[in-house]
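Colleague: Those protein sequence lines, which keep their order, are chains S and P. Take 1 as the starting number for the first sequence in our numbering and just add one per residue. Take 1 as the starting number for the second sequence in our numbering and just add one per residue.
Some hints could be false.
Below, computed lysine to any residue pairings styled on SDA-like, alpha-carbon distance capped at 20 angstroms [to be verified]:
(1) S:K9 / P:T264
(2) S:K13 / P:G357
(3) P:K52 / S:E61
(4) S:K13 / P:A421
(5) S:K2 / P:N361
(6) S:K9 / S:D37
(7) S:K13 / P:E247
(8) S:K2 / P:P138
(9) S:K13 / P:D40
(10) S:K13 / P:A355
(11) S:K13 / S:A91
(12) S:K9 / P:T135
(13) P:K52 / P:N361
(14) S:K56 / P:R362
(15) S:K9 / P:H253
(16) S:K2 / P:E360
(17) S:K13 / P:P210
(18) P:K52 / S:G16
(19) S:K56 / P:H253
(20) S:K56 / P:T208
(21) S:K9 / P:A421
(22) S:K13 / P:K52
(23) S:K56 / P:T264
(24) S:K13 / P:S41
(25) S:K56 / P:A421
(26) S:K9 / P:T208
(27) S:K9 / P:E247
(28) S:K9 / P:T236
(29) S:K13 / P:G315
(30) S:K33 / S:G16
Here are a few chain P residues that sit away from chain S, every Cβ distance over 12 angstroms (derived from the structure) [stated by the list, open to error]:
(31) L46
(32) A57
(33) L100
(34) T135
(35) A242
(36) G259
(37) A295
(38) G326
(39) E360
(40) D381
Just so you know, these hints were derived from the structure itself, not from any lab. All residues carry an ideal CB built from backbone N, CA and C; glycine is no exception.
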Amino acid sequence: MKLGDVVLKVRSKNAGPFWVTIDIFCDRPDIYKRVRDGLSSTSVAQLYRVPEQTLKRFDIEDLRVVKFSLPRPVVQGSAEDRDMHGAQYAALLEEYELG
Amino acid sequence: MPTRVLVPSGVLGLGFDRAALARGVAMRPDIICIDGGSTDSGPFSLGAGQSKYSRAATKSEWRSLMQARAELGVPLVIGTAGTCGTDSTVDWMYDITIELAQELGQSLKIARLYSSQPVERIAAAAKAGQVTPLTPAPELDLSNLSNIVALAGAEHIQAALETGADIVIAGRTTDTATIAALPLSRGDAAGGAWHGAKIAECGALCSTNPTSGVIMVDFDADGFTVEPMAESAACTPHSVSAHMLYENSDPFHLYEPGGHLDVTGAHYTALDDRRVRVEGSRWIPGPYTVKLEGARIGGYQTTIMAILRNAHYVGNAQTWVDRLTGFLTAEIETRMGLTPGDYRLDFRLIGVNGALGALENRIGDPAEVGVLGIITARSQDEAGEIGKLINPFVLHYPLTDDEELPTFAFPYSPATTNRGALYEFALNHVMHLTDPMSAFRIEVSQTQSKVAR
Numbered sequence: 001m002k003l004g005d006v007v008l009k010v011r012s013k014n015a016g017p018f019w020v021t022i023d024i025f026c027d028r029p030d031i032y033k034r035v036r037d038g039l040s041s042t043s044v045a046q047l048y049r050v051p052e053q054t055l056k057r058f059d060i061e062d063l064r065v066v067k068f069s070l071p072r073p074v075v076q077g078s079a080e081d082r083d084m085h086g087a088q089y090a091a092l093l094e095e096y097e098l099g
Numbered sequence: 001m002p003t004r005v006l007v008p009s010g011v012l013g014l015g016f017d018r019a020a021l022a023r024g025v026a027m028r029p030d031i032i033c034i035d036g037g038s039t040d041s042g043p044f045s046l047g048a049g050q051s052k053y054s055r056a057a058t059k060s061e062w063r064s065l066m067q068a069r070a071e072l073g074v075p076l077v078i079g080t081a082g083t084c085g086t087d088s089t090v091d092w093m094y095d096i097t098i099e100l101a102q103e104l105g106q107s108l109k110i111a112r113l114y115s116s117q118p119v120e121r122i123a124a125a126a127k128a129g130q131v132t133p134l135t136p137a138p139e140l141d142l143s144n145l146s147n148i149v150a151l152a153g154a155e156h157i158q159a160a161l162e163t164g165a166d167i168v169i170a171g172r173t174t175d176t177a178t179i180a181a182l183p184l185s186r187g188d189a190a191g192g193a194w195h196g197a198k199i200a201e202c203g204a205l206c207s208t209n210p211t212s213g214v215i216m217v218d219f220d221a222d223g224f225t226v227e228p229m230a231e232s233a234a235c236t237p238h239s240v241s242a243h244m245l246y247e248n249s250d251p252f253h254l255y256e257p258g259g260h261l262d263v264t265g266a267h268y269t270a271l272d273d274r275r276v277r278v279e280g281s282r283w284i285p286g287p288y289t290v291k292l293e294g295a296r297i298g299g300y301q302t303t304i305m306a307i308l309r310n311a312h313y314v315g316n317a318q319t320w321v322d323r324l325t326g327f328l329t330a331e332i333e334t335r336m337g338l339t340p341g342d343y344r345l346d347f348r349l350i351g352v353n354g355a356l357g358a359l360e361n362r363i364g365d366p367a368e369v370g371v372l373g374i375i376t377a378r379s380q381d382e383a384g385e386i387g388k389l390i391n392p393f394v395l396h397y398p399l400t401d402d403e404e405l406p407t408f409a410f411p412y413s414p415a416t417t418n419r420g421a422l423y424e425f426a427l428n429h430v431m432h433l434t435d436p437m438s439a440f441r442i443e444v445s446q447t448q449s450k451v452a453r
């Protein structure tokens, strides 16, 4: 099952020019637990090809949200940047097969 | 003393519900605060020192806010004027304000807070060990920086308000500073002031109807209460607390000049079906630092766009682009004497991996593929020359030697477009200040209304 088919929404945005943040809105407590326990930080780091120790993770039970922040793969606005707002990075997690 | 702050929208230029604004004015706020900026759309605005939003949209919305201010007789504050908060965009906003003051017949005291930083000041501070990098920071390199700004805090807005200004036009400020300033100076809870400012800084984004814009926050000695002004919107504990996630790499801590906000102990209570009460947020004082932003010219760009529709070429688009790049690299060297260290030539396959590049892990079967060629060179002339040189090959280059010359679709003529300077964000550092005002300046002026005829 793809993550995006289970949760309410996956959103990514810049958090300033040097970070991207990805919010997974799980909506229901059971789905929150499934995502929290089924989505490892290791697999997220691999998906975005960043060292795992640079990944920040927040499991926010009150909001039923799992949030990740990672240094932007390329600095916002540099010649390598393909997504100025960082909003399409979410697609990778939406399509992630949740075990 | 309780303080009522009206926030018409997350940013001036995006629009707001005018009926909701009128409802907000009727509730007699003590101040109107709006943000005018964002780094989210990229470094161009900062690099060029220009507003991203149109003058017409800005003026039309500012007119409504100036009218609301006049009706209430309270200060109106804009932070990060002109989307980037350079001195040039503060002056741009000031010109619009003067124009409107004449059109509306208003006499105004206007305070301008300037945030641009001369490179010499940053260099001297760095030399004195007063510039600290944040993770992940690029190496501190002050060459070729077109504009540098420092993010002003609440102290700077308070100083501008203390001049007795009717309108404060601030350069780069933190998103929260304009909203937190008055509650802080009136002695409301510091944790609540900063937290409420963070919740309200994107306007109605913290409500169930984000596009309605207008939000009211009441600050007091124990916390804050937030309410949307549009009848179609509601604030719920979920919508309010979820806003701490937005564009924030850490949803529990927010660093500001002079300390940080900690919301780990905050509790959110629905007062009714529209209003949310928040208490328990803490402000932890720290060293007085201001964040720096800078944009550097990373070259000049020219683009070219071709569309592949023939199935043979669509199926082999990456192979075609790789072969074409090899050929063009040699051509550019032969004809212009430029080696790959002198320029960049990137082809992006739109419809294949255009947004994610190497991170893309999905293989599709597109009907057509857009090939966007981006040239980055040391000057616009050089980029344009490379563009013209490669144009015929982007149009006609074959996949193999023994096939007929293909011809691809070009969506426009001329095939190349000069984009001007490429700006890139260059600083992720803070500067330590002993006196908050030492890196900022305030100018106050008085306008006279036209004599009514």
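Colleague: Evaluate each hint against the coordinates.
Modeller: Hints and how they fare:
no. : hint           : in the structure
1   : S:K9 / P:T264  : violated (24 angstroms)
2   : S:K13 / P:G357 : holds (17 angstroms)
3   : P:K52 / S:E61  : violated (38 angstroms)
4   : S:K13 / P:A421 : violated (25 angstroms)
5   : S:K2 / P:N361  : holds (14 angstroms)
6   : S:K9 / S:D37   : holds (18 angstroms)
7   : S:K13 / P:E247 : holds (6 angstroms)
8   : S:K2 / P:P138  : violated (36 angstroms)
9   : S:K13 / P:D40  : holds (9 angstroms)
10  : S:K13 / P:A355 : holds (14 angstroms)
11  : S:K13 / S:A91  : holds (12 angstroms)
12  : S:K9 / P:T135  : violated (28 angstroms)
13  : P:K52 / P:N361 : violated (34 angstroms)
14  : S:K56 / P:R362 : violated (25 angstroms)
15  : S:K9 / P:H253  : violated (24 angstroms)
16  : S:K2 / P:E360  : holds (16 angstroms)
17  : S:K13 / P:P210 : holds (16 angstroms)
18  : P:K52 / S:G16  : holds (17 angstroms)
19  : S:K56 / P:H253 : holds (13 angstroms)
20  : S:K56 / P:T208 : violated (28 angstroms)
21  : S:K9 / P:A421  : violated (36 angstroms)
22  : S:K13 / P:K52  : holds (19 angstroms)
23  : S:K56 / P:T264 : holds (16 angstroms)
24  : S:K13 / P:S41  : holds (11 angstroms)
25  : S:K56 / P:A421 : violated (34 angstroms)
26  : S:K9 / P:T208  : holds (15 angstroms)
27  : S:K9 / P:E247  : holds (16 angstroms)
28  : S:K9 / P:T236  : holds (18 angstroms)
29  : S:K13 / P:G315 : violated (32 angstroms)
30  : S:K33 / S:G16  : violated (29 angstroms)
31  : L46            : violated (9 angstroms)
32  : A57            : holds (20 angstroms)
33  : L100           : holds (31 angstroms)
34  : T135           : violated (8 angstroms)
35  : A242           : violated (6 angstroms)
36  : G259           : holds (19 angstroms)
37  : A295           : violated (8 angstroms)
38  : G326           : holds (20 angstroms)
39  : E360           : violated (8 angstroms)
40  : D381           : holds (18 angstroms)
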